[in-house]
Amino acid sequence: DPTRRRVSRCNNLTGQHWVFPILVPPLRKRTEDIPLFVSWFVEKYGKETGRRAGRVSRATLDELKGYSWPGNVRELENVIERALITSSGDELHIEVPGRGSSAPKVGLTLADAERDHILSVLRQTKWKIEGPNGAASCLGLKASTLRSRMKKLKIRRPD
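Reminder that position 55 of the sequence shown reads as 1432 in my numbering, one-by-one numbering, no gaps.
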């Protein structure tokens, strides 16, 4: 079902409104628009964050096109903004919603979940702990706190 939006124009003298619907199909039915939106949001948020805009791989664009986008364009915008904030390097690392299971794992302890999350962020930041694009910053921790948790959880950088 296309989304209906109403555009109105008011006649100031008589107070009459003329209303007509504009039909805008959902993003899942306009997959050819996704690369255009991605480049627009990368440029927009690149300027806002002061980061040089990264490039998006063809495979990632194909994954983005395959997602149903129930949140429509706003959801895509949030995904791109998050990617610009968390990615480092030339290529944008975009977490496509619905990739993998988001259901909680039964039997997973809090320490295991914390360990998995810290490892995930460390991999995304290429094991950079300190600095504005480091894992500590992404996790909202001081670098010394992150190192302490890594020691407690026995997290070591692979050789």
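Don't read these hints as lab results, they were simulated from the structure. Hints may be right or wrong, so weigh each one.
[To be verified] Pairs of lysine-lysine residues, derived as DSSO-like cross-links and limited to a Cα-Cα distance of at most 30 Å, are as follows:
1. Lys-1406 - Lys-1421
2. Lys-1421 - Lys-1442
3. Lys-1529 - Lys-1503
4. Lys-1424 - Lys-1442
5. Lys-1503 - Lys-1424
6. Lys-1503 - Lys-1442
7. Lys-1528 - Lys-1503
8. Lys-1531 - Lys-1503
9. Lys-1421 - Lys-1503
10. Lys-1505 - Lys-1531
11. Lys-1424 - Lys-1505
12. Lys-1503 - Lys-1519
For each hint, the structure was consulted:
{"no.": "1", "hint": "Lys-1406 - Lys-1421", "in the structure": "holds (24 Å)"}
{"no.": "2", "hint": "Lys-1421 - Lys-1442", "in the structure": "holds (20 Å)"}
{"no.": "3", "hint": "Lys-1529 - Lys-1503", "in the structure": "holds (21 Å)"}
{"no.": "4", "hint": "Lys-1424 - Lys-1442", "in the structure": "holds (25 Å)"}
{"no.": "5", "hint": "Lys-1503 - Lys-1424", "in the structure": "holds (24 Å)"}
{"no.": "6", "hint": "Lys-1503 - Lys-1442", "in the structure": "holds (27 Å)"}
{"no.": "7", "hint": "Lys-1528 - Lys-1503", "in the structure": "holds (18 Å)"}
{"no.": "8", "hint": "Lys-1531 - Lys-1503", "in the structure": "holds (18 Å)"}
{"no.": "9", "hint": "Lys-1421 - Lys-1503", "in the structure": "holds (25 Å)"}
{"no.": "10", "hint": "Lys-1505 - Lys-1531", "in the structure": "holds (17 Å)"}
{"no.": "11", "hint": "Lys-1424 - Lys-1505", "in the structure": "holds (24 Å)"}
{"no.": "12", "hint": "Lys-1503 - Lys-1519", "in the structure": "holds (18 Å)"}
Violation of the numbered hints given earlier is absent; every hint is satisfied by the structure.
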